[in-house]
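Chemist: The two chains are supplied separately, each in an independent frame; assemble them into the complex guided by the hints.
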Amino acid sequence: MKGKTSLPKEVYQALEAIVGPDYISDDPAICQAYARGGYGTFIYDKNSYPPACVILPGNTKEVQHIVKVCNRYEIPFIPISTYYISFCAPARPNVVMMDLKRMNRLIKIDEKNMYAIVEPYVSHSQLQVEAFKRGLYTISLGCGGQASVLANHIHSGLGPLGYRVGFNGSRRILGVEWVLPNGEILRLGSPSVLKEYFWGEGPGPDLRGILRGLLGHFGGLGVVTKIAVKLFPFIPPKEAPIEPVGVTPKATLKLPTNRMKWYNIRYPTLESMINGMYEISKAEIGAMVYSVPPIWIYIARSESRNELWEKWSKDKEKFRKEGFYFLRVLLVGYTSEKQLRYEERVLKDIASETGAIRISEGRPFDRSWIIGSDSVTVYNVAGVELSTRFAFDSIDVAAKMLTSIAKLRDKYVPPFYDTADFGWIHSNDLGHIAYGEFLTYLDSEDVDLGEKFETLCIEKDLEERAYCGLQNPGRHRMLGPKMGNYHLILEKIKKSFDPKNLSNPPKPIDNI
Amino acid sequence: MSLRLEDLKYDALHCVRCSNCKWMDHVYMKSYRFSQICPSLKRYLFDAYSCQGRLDIALAIMNKKLEYTPTLLDIIYKCTLCGACDVMCKRCMDLEPLQVLEALRVKWIESGGEILPEHRKLIENIENTNNIYGEAHERRLESISKEVVLKEKADVIYFVGCASAYKYPEIAHATIEILRKCETEFTLLYPDEWCCGNPLYAIGRIDLMKKVMEHNLKAIRETGASVVITSCAACYKTLKVDYPKLLKKSTDEMEFKVMHIVEYLDRLLKDGRLKLKELNMKLTYHDPCQLGRLSEPWIHWEGKRKKYGLLDPPKKFRRGTYGVYDPPRNLLKSIRGVELIEMERIKENAWCCGAGGGVKQAFPDFALWTASERLEEAKATGAEAIVTACPFCKENFEDAVKAAGEKIKVYDITEIIRKVLV
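Line by line, the protein sequences give chains A and B.
All the letters of the first sequence, read from the start, carry residue numbers 1 to 512 under my numbering.
All the letters of the second sequence, read from the start, carry residue numbers 513 to 934 under my numbering.
Just chain B, with the same shape it has in the complex (with noise of 0.2 Å):
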């Protein structure tokens, strides 16, 4: 695998421009309504903003055909990387569309371009507090830690990230009460958890990413935890697929497992040792890319292209089928009383909710608008309450709630099984 773009010349160049990157798997469309997938092309319409276009011009950059414009900078960075076009075209092709996309905001930011103010001020806010938001260090994991028996050396590591430690502490206060109910020992990297570094990623802030990871690793290292769990989907995709991604290993040959609390949930609702109540509720499901069609394991590869574009040695790609689709259903349906009823683009024709890619911090209002078209989706189904599985997620949802002044309720799954818990 490789974030360099020259690399993947040959994924660009063997687009058939057939535009499946636009439309959801076809035998899963339920209406005319609902049946686009990339939030960007639909938003912008040119087809410089759907995937196929983005492969054109990461080909004329490389071919040294296409010079800066403000416009190219908005083409590379207005695309939330849910992912979606890369698994629909993975559906018919050995290409690795997503990565090309990775790999042209890498080779902006190595080549100088100009960095987004929003992003250089989330690149600052990391480098300087250790947190997308410039908050305190200090203050990362305070009140948090407070609830939890913290030890120096655990099986089990929550790792709470940037958003549920600042911004949606109660994300983080339900995952720890669910978790002490459970029985689960475990304990916090307190105070060493910095930012997974998942905006660095997106960005294309590859050795800034390193350098957040190697920091990370060696926090986790030193407690001898065998399981991280994580609240969120970001964290988790970054933990899971990113981190091993970037040390040239698989996720199989790291020295640690990591769970997104859903996970680890389902397997003790099966071992029968999370009980729940009743709530009388109707839900629909949104599943965050970063948890489902992104967050398959990492499988390492090094080789290169051959005639006809065999690859040497075999890949096994990556494809969405693996995502974590059916923990946080499975949990929501064993709650008596919830009726659990689905939007039509879910799993891995999920719609994006907007907030990934650094979209939410750089173009706002674009993040709302692809927000509110979920939002659509799930109204439709008449659900009361939108629950999700990442605090990003959430934070987006919420603002296009307030926004447009909509009645539906936003949650985190956690903060429905807090409710739940017996």
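Only chain A is shown next, with the shape it has when bound in the complex (with noise of 0.2 Å):
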């Protein structure tokens, strides 16, 4: 982290005209606050500078205004909301923090068309909780419910509920509003030429591609300030409610045997668990349909992060041996309960016929998937984790990637994943796209072992010609003149929105 940067006061004071002198600051406290990313801070935003002035907007026009007063000065602009994920800190001097968090109506919910409408500070559990009550709802995200649903649809919108609402969140998104790097007020969709926001595709070209591309652009072509996005039917509360029971940091939600179930598959090869995933998802039964790598339990039921190790470290080399391969499905009857019975029957009859080891009714409880997830356990591993090898695309090839890492992982990624795990899968989309994630968790003081797998795990992905994964703006690069020079592409999208290079530089790309 680089030390204080400042802003001309011609500059200083242009901004604070616009949002008034309580919503402005560039105290040096102030700043620190933002001089940091998020998750990978280690890793990824570590050569980052505190902004130069941190500024509130509370509305569309001053974000506008606020923009082209960076454009007059050029002076480069970062947007922010929930943070967690990285890429937000600045990589460049004098940059103007623009923390959104003024923006935080939940300005409708339309039940009757299953929509709503939120602004950048909307998080995804506040949305979750009000649209359960009118028996809707949306993706409970992986990262977690604090995060911002706005920021989460145009990045990635990715969660096990994926399953049925869709693995991209873009798709989700219906119409949009952005302040583009210059300022101007672009609409997307039926805002274009109406006030109401129903729908995403036209009049005019849709760009919801380009907003959200392979992983967002990172607040790298401007601002959004508002979204609709879709929501979907749940059970009516009033027939089945999700209740709340026990104390943190074990609380948890109760859910509703009548209408909900969990269900625990257990294979005796990776190759009969995917089989039983397809075939699951063939039958378009279920709600999340994710396998679980053995050392989430460990994680679940250990009190510390000393007990986790202790208890990992007696265990691993059973994984080891034996090999996991645990499925995790959860059953929804979301029209009634005799679906629910139907999926039931259908599940086990499923299980039977791919050669599942184990069929098993889950505990009714539910503290990661539905309202929001509390995946940032995962840190308490070792502290540090980094995503090095991601699948997009069918549950066999996402199974194929992520255990083609076996050795490098054996060798570069000690003591805790000289074992069998391979990271974890999700279905999306009824079976027709996977998600495949695998995690590493590091030494906070050797990190560069960690980068050096990751750049090795991109290697192989290239070699396998994988369908690359990847949330670091950073390997575009690297990754571009082996995939169709794609990074060229992305170059000239932000040179043609943000010809001055001023929205949060340089993403969505790395150096231009």
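Keep in mind the hints are simulated off the structure, nothing from the lab.
Among these hints, one or two may not hold up.
A few chain B positions that, by computed beta-carbon distances, are all more than 10 Å from chain A [unchecked claim]: (1) Ser547; (2) Lys633; (3) Ala648; (4) Lys665; (5) Ala731; (6) Lys760.
Below, computed lysine-lysine pairings styled on DSS-like, alpha-carbon distance capped at 25 Å [claimed, not checked]: (7) B/Lys794 / B/Lys845; (8) A/Lys238 / A/Lys133; (9) A/Lys230 / B/Lys633; (10) B/Lys819 / A/Lys46.
A short, non-exhaustive set of chain A residues, derived as facing chain B with CB atoms under 7 Å [to be verified]: (11) Gln32; (12) Ser304; (13) Thr377; (14) Gly484; (15) Tyr486.
Note that the structure is predicted; figures quoted are calculated from it, not measured.
Even for Gly, the Cβ is constructed at its ideal location relative to N, Cα and C.
Modeler: Put into structure tokens, the structure is as follows:
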């Protein structure tokens, strides 16, 4: 992290005139709190600067005016809302950090047409609990319920509920209001001609693909100030309420077992588990279908990091020898109890026909995937986590990719992954696409090893001609030349939208 | 455990900026409206006023990258130390964010940082008069002591605390009447009770806090008491958690057990020794932070972080699980005719009243704003009164009710129990 930066007085005054003195500060202490990025601080945002000032716009007009001032004086700006994800720490000196916390309105939930309109600082759990009251739901994110609905939909929008609501967050986006890097306001979908946000596909070009790209633009293409997201029908709350029970850190949701049930299925081999995932998806039953790495069970059952290490060290050899192929399926009787009973019977038949060792009903609780996951728990393994391998492809390609790094894994990430662990896979879009992820736990005093491992994983992706998953814009230039020079397209997009390179430079791609 | 900021560097550095410190536990969230948990951040918006922002600031101070500005002082002290961030973080992490916030204040004071004028006054008051108000020490238990048969030796002591001694004597009177009705033999630390030191700990004046603690411990020891009862959540947490912390002991290694009056009465209720009559009221209960999530017994730990952040020796984390949540509810529910309607953020997820951490004295507007947020939540239940178990919560709620012209009534739980004593 580098030293203090500052703005010319004239620029500060111009910005202050937009929001008023209460909502802007260039005090070093205020700025310091924006100098670090998100979860990848040890790796991704390590050469960041504190911003020169922090500004809190209250509405789209103010965002627009801030962006125009930044353009007039050629000052970079970064939009930020709920944090966690990285690449939001200033990579340049003298940046204006635009904290969007005041733009926190849940503008509308349209029950009839099943969508919600939100501003940037509405969290997923806020939307989810309001949707539940109306018999609707949205995805629950892998990164947790504290994350912004808006930011996450334009970034990835991933979570196991994607099995039914769709893998790709951008497909759940309807109307969009977007302040471009030059300060123009662009509205996509129905809001381009109406005041309503119910429609995403035109009139005019549908730019939601550009808005999201592979994994979002990380604030590199301006500021999205409002979006409508699809909601999906859920069990009416009066029919089967989901109730919280217990005390922290074991608080959990108690599921209504007349309408929701977990099933755990143990398979003898990876191949049989993958086959099981396909068959479940083909039958179009279930609300979530995902594999569980054994260490997650140890994380869930341990009361501290020390306890986890102790138990895991003792047991991990067992998983190396025997393997661990464990599928977790949530069944939901969305329409009726009868639907749940039907799905239970089908699931049991599939487990039997695909050679499962055991199928058992899980405990009727959920802390992870319905309102908000506490996925941050993965950091409690070692203090630093780096997802080094991703798969966005079919279920079997995800399995192939995650398992093909066994030797590398043993060499680079002991002591945790000298085991049969290969990460996790969740089925999306009823089995048509899978998400695979291998989480690497690192020693924060030796992150070089993790970075090297990440490089080797990407090289492995390229060697296998796999669809590279990545979350690091710093890798585009490494991947681009081997993947149709897509990085040049990204460069062109950035230059067309942001010719002065002011919107969170250099995102969405490394230095131009 | 350490209040030395440098010993907590790992904790500040390994914050992953997930923002869980800003929100209540998602599984208990019931609405968009009442979903945030950090008063400081909700009021002041800049991330510097969140826990994760303050951890960044602590880190920068340790790395000598941040120098004094008036805003830095403002950030460090505009926090009620309510511990909500700590509990929310520790759902997932083995870190000690609240200890970082506390150590940041200690470091500030020890390195000669400016003390806010209101805090300076508070410190002077305690130094000169043994109470937070600057009132004569002789007046502390003067009228209250007349209601008690004072003894030199007793098994049970009622530790009255500054607020109930000077500002809310009705709480002390109610507590004494309840104890007498329940035939509890007790005495007061008359004339030796001093301020428990809670504000000194909050401000970061650990040296003076230790002096006050030593005095009170000596006075308790001389009575031979095995139980100290408080009616104040701040005194409760200080005696039960902070004293052993400063003595490098665990709570269960102390010579006496600290009980809040609600715990004591809940036990009597279960034993059939507390009989209550009917009261027709719709009530809601506010969990004082220092009785709830901050009151878990202190577990002394000394050791160091090793590779991968493992702790040697292993440490048992206090995560807010064992706060005093049920006893006050049991008491209120046991009163025939009382309808207890819960707010949305309760127990470990409770929104702070706004009075703690030295905020009420130094930033009264912020304290009132925080209380008014809680009153909005209380009013949404339809309750006619908000009941708490801490005089500082009561004071702040009453001030907020008065400032806004609200109709909702505010009670300490001892006042409610006194009304229904048989």
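Chemist: With reference to the structure, classify each hint as holding or not holding.
Modeler: A quick look at each hint next to the structure:
1. Not every C-beta of chain A lies more than 10 Å from that of B/Ser547, the closest at about 5 Å, which undercuts listing it as non-interface.
2. Every CB of chain A lies more than 10 Å from the CB of B/Lys633, the least distance being 25 Å, so the non-interface label holds.
3. Non-interface call for B/Ala648 relative to chain A: holds, since the shortest CB-CB distance, roughly 40 Å, exceeds 10 Å.
4. The beta carbon of B/Lys665 is kept farther than 10 Å from every beta carbon of chain A, the shortest such distance being approximately 38 Å.
5. Residue placement check: B/Ala731 keeps its beta carbon more than 10 Å from all beta carbons of chain A (closest about 35 Å).
6. At roughly 21 Å from the closest C-beta of chain A, the C-beta of B/Lys760 stays outside 10 Å, upholding its exclusion from the interface.
7. Restraint check: the Cα-Cα separation between B/Lys794 and B/Lys845 comes to about 11 Å, which is no more than 25 Å; the hinted pair holds.
8. For the given pair, A/Lys238 sits about 9 Å from A/Lys133 by alpha-carbon distance, which is consistent with the 25 Å threshold.
9. The suggested pairing of A/Lys230 with B/Lys633 is violated, with an alpha-carbon distance near 56 Å, which exceeds 25 Å.
10. Distance hint between B/Lys819 and A/Lys46 is fulfilled; the C-alpha atoms sit about 20 Å from each other, no more than 25 Å.
11. A least Cβ separation of about 5 Å between A/Gln32 and chain B falls short of the 7 Å threshold, and the interface hint therefore holds.
12. Using the Cβ-Cβ criterion of 7 Å, the hint placing A/Ser304 at the interface with chain B is satisfied: the shortest such distance is roughly 6 Å.
13. The beta carbon of A/Thr377 is positioned within 7 Å of a beta carbon in chain B (closest approach about 4 Å), and the interface hint is therefore held.
14. For the restraint placing A/Gly484 at the interface with chain B, the shortest Cβ-Cβ distance is roughly 34 Å, beyond the 7 Å limit, so the hint is violated.
15. The beta carbon of A/Tyr486 comes no nearer than 30 Å to any beta carbon in chain B, farther than 7 Å, and the hint placing it at the interface is violated.
Violation of the numbered hints given earlier is confined to hints 1, 9, 14, 15; the remaining hints are satisfied by the structure.
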